[in-house]
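S.K.: Chain residues, written in single-letter form:
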Amino acid sequence: MTAVRVRLRRGIGRGIGRQGAAVALVVMVLVAWLSFPRFGSPDNLRDMALQGSFLAIVALGMTFVIITGGIDLSVGSVYALGGVLAAYGSQWGFVVALVLPLAVCGLIGLLNGVLVARTGMAPFIVTLATLLLARGLLLAITSEGSTTYRIASGSAFLELGRGTVFGFGYPVFLALALCLAGGLVLRRTRFGQSVLATGGAEQSAVLMGLPVARTKVLVYTMSGVLSGFAGAVTAAYLESGVTVIGVGLELDAISVVVIGGTLLTGGAGTVLGTVIGVGLRTVIQNVINQIGTLDSNYQSVVSGAFLLLVVVLQRSLATRAARGT
Amino acid sequence: MTAATWDRAGVARWLQEYGVYVAVAGLLLFNIAFTTNFLSVGNFRTQLVQAAPVCVVALGMALVIGTEGVDLSVGAVMALSAAVIPLYLGYGALPSIALALVAGLIAGMFNGVLVAYLGIQPIVATLALLVGGRGLALVLANGQLVQLHDPAFLFLGTGDVLGVPVGVFAAALFSVAVALLVGRTTFGRHLVAIGGNRAASVLAGVPVRRVLIGVYAICGVLAAVAGVLSTARLGASDPADVGLLMELSAITAVVVGGTPLTGGRVRVLGTVMGALLMQLVRATLIKHNLPDSTAQMAQAAIIVGAVYLARERSSR
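If you're matching them up, the sequences are chains A and B in order. Note that our numbering has the first sequence beginning at 1, numbered continuously upward. Note that our numbering has the second sequence beginning at 1001, numbered continuously upward.
Calculated directly from the structure, the hints in this document are not laboratory data. By construction, the Cβ of each residue, glycine as well, lies at the ideal position given by its N, Cα and C atoms. Any given hint might turn out to be false.
[What the hints assert, rightly or not] Stretch-level coverage of chain B by chain A, calculated; a stretch enters the list once three of its residues show a Cβ under 8 Å from a Cβ in chain A:
| id | stretch |
| --- | --- |
| 1 | 1049 to 1056 |
| 2 | 1107 to 1114 |
| 3 | 1283 to 1295 |
| 4 | 1302 to 1308 |
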């Protein structure tokens, strides 16, 4: 009987940890809808979807990395680098504009992965170093940040960021498609299972013969490619490679992943949770903008407090569940 | 067969132990030989003044890393302390500095409680303050840069004590204090023990939670000191910009100085040298007209190299 109760309590704990963000999102949307007449307007919904889509693409890669028990602090720099490379490459046409950022950012991710998986260095320090590396590269190709490459108007590449279907921008659909694919990969493929196993119990995964090192290399590479892609799409939307974007993006990405119920200790997490986390963050930001009288700096205060709240909740539920056994 | 492997490990250990001194000496020699106007009192003063805030922050960071933690919020705490100063400067320099340090103390204890009592990973606990702290600082300052005119306060940035710039003097003072704290007090022994083996420390009756809160509190106060020094040197409170990416520089200085990220050991002199080394690297690159981009990539390579060497030792 106690076993049932423990399981029940654990189930509830897990439920709040995983679904808490979804409940919060629904409540936030309802409150915002009722309080601000402009919130529900089609224009505003479109804007929010577009804003969230860039973060969602970056957070998707981060979700995989965090599930393996790692962390990727380089995504903000890589995102900015991806945008600049896309704008720089757009002078040679669509393919170069897309392939150049994906290749370079993928290589940086690969470097992260190899250093983490093969040398056993701490992920946060490795990716901290590549954060600098990517920023340095960015500065090097933009003559120390003084050149902003513009994407020529009429370039097919611009469509990637500015085109719309049913009023919603292409980036929204790209993000949705990528997240759907990511969710399926995590749940339904052998690779996804080794990602979960690597973060859950690395020693056991190694002993079971799972390709742990290869899995790690792959998730960091994926994170690099996705961040670069998000940067490229952003550049297409902004029509230029803005050099100063992406600072602190890694924190946003980590927050939304954690808020979505993915454990920072690795081993458990969902892509859907991350998408909900992105939604929640976008709505909060929008509400703060709607209030208008609030300083935009409150945004980061709220983000920090919210991140903390979720982590403390996760933690206390986890200890209670552990004590229950 | 073992001779070769032992030798390699020995070299790695030696490099980790003394590498930072060799690197500092090497860079000094290089600059003396190839950089014009390097050997001047004015230049040395500039280098030391620029290294001082990083050094002060890195000292606190070394203590935290010694407990197998990390504090990502130091830059945000610097911003908080910078934002507090102009609010109370009307009461005089001393009260405003004291309140800035109190802000750092509160921030540090906040981190400490999260880590020690709620059991949250240090990276995440301090990440939350990194995100929220700078926002709070900007809210306090209305997002604006404030020029400061109090002469007593500005003395901290421009004045001399015994012929040494105040900031450098303070950094030296704190270095000695932290070295004594680690080497000569029970608290220091405790913090190293916690980093070495937390479970064993609990069983041995070490007041783990209290020590952890103390360590994060000290780190917060030192970050606030660095915030005060930077603000005084700038002559303005600029919470948007002060201490940006400071966590990176501080962690680099600590790791380059030979303190392992796995905790259990604190090297204070190495940390000071690490801070000096990073400053020298930057100065060398600037003086030879190498751009900022190269400087950042060089820093990345140094971090990876230093951590790689440290790993070699800890895996033995």
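S.K.: With reference to the structure, classify each hint as holding or not holding.
M.R.: Hint by hint, here is what the structure shows:
{"no.": "1", "hint": "1049 to 1056", "result": "violated (count 0)"}
{"no.": "2", "hint": "1107 to 1114", "result": "violated (count 1)"}
{"no.": "3", "hint": "1283 to 1295", "result": "holds (count 5)"}
{"no.": "4", "hint": "1302 to 1308", "result": "holds (count 4)"}
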